[in-house]
Amino acid sequence: MIVVFEEDYLQELFEHGKAKNKKHAYQPQVIKKYIKVVNILRAVKRIEDLFRFNSLNYEKLTNIDVESVRVDGKYRLEFRSRVEGAEPNTITICSLIDLSKHYQ
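Here the working numbering is used: the first residue of the sequence shown is 73, the next is one more, and so on.
Warning: the hint list may mix true and false statements.
[What the hints assert, rightly or not] Okay, derived cross-link-like pairs now, SDA-like style, lysine to any residue, Cα gap no bigger than 25 Å in a straight line: (1) LYS108 with GLU78; (2) LYS95 with LYS108; (3) LYS108 with PRO160; (4) LYS104 with GLY89; (5) LYS117 with LYS92; (6) LYS173 with ALA158; (7) LYS146 with TYR81; (8) LYS104 with PHE125; (9) LYS90 with GLY145; (10) LYS90 with ARG124; (11) LYS146 with LEU133; (12) LYS173 with GLU159; (13) LYS90 with PHE123; (14) LYS173 with ASN129; (15) LYS94 with VAL155; (16) LYS108 with ARG118; (17) LYS92 with GLU156; (18) LYS105 with THR162; (19) LYS92 with PHE125; (20) LYS90 with THR134.
I should point out that these hints are in silico values taken from the structure, not numbers from a laboratory.
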């Protein structure tokens, strides 16, 4: 999939391992897992491929057009996906929205 960062802090976390804004300060182990999850998203071709990774707990959130995968027991990565192009040359684009606490 093609991964697009809708929020600057998500791209900073992925590229530099930390965000400039202190509001988005995470523990190093959370950032490490976040980077691993983003790399998985980049490696798969379509959303259905995420079902092979049980630990991600992929789900489509109800009542809103948002999907999520689990980063760890506490955090999840929220995103929107869309498919562009015609078969067999379709491309899935994954727009990352937020890294949030799962039970807020």
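These are the hints, each one checked on the structure:
1. LYS108 with GLU78: holds (18 Å)
2. LYS95 with LYS108: It holds: about 22 Å lies between the C-alpha atoms, which stays within 25 Å.
3. LYS108 with PRO160: violated (28 Å)
4. LYS104 with GLY89: Within the cut-off at roughly 8 Å; holds.
5. LYS117 with LYS92: Violated: LYS117 and LYS92 sit about 31 Å apart, past 25 Å.
6. LYS173 with ALA158: Violated, because 36 Å separates the two Cα atoms, which is more than 25 Å.
7. LYS146 with TYR81: holds (19 Å)
8. LYS104 with PHE125: Holds, at roughly 17 Å.
9. LYS90 with GLY145: Status holds; Cα separation ~20 Å.
10. LYS90 with ARG124: violated (29 Å)
11. LYS146 with LEU133: Distance ~17 Å between LYS146 and LEU133 Cα, so the pair holds.
12. LYS173 with GLU159: violated (37 Å)
13. LYS90 with PHE123: Distance ~29 Å between LYS90 and PHE123 Cα, so the pair is violated.
14. LYS173 with ASN129: holds (14 Å)
15. LYS94 with VAL155: Judged against 25 Å, a Cα distance of about 34 Å means the pair is violated.
16. LYS108 with ARG118: holds (17 Å)
17. LYS92 with GLU156: Not OK: LYS92 and GLU156 at ~33 Å, beyond 25 Å, violated.
18. LYS105 with THR162: violated (28 Å)
19. LYS92 with PHE125: violated (31 Å)
20. LYS90 with THR134: violated (31 Å)
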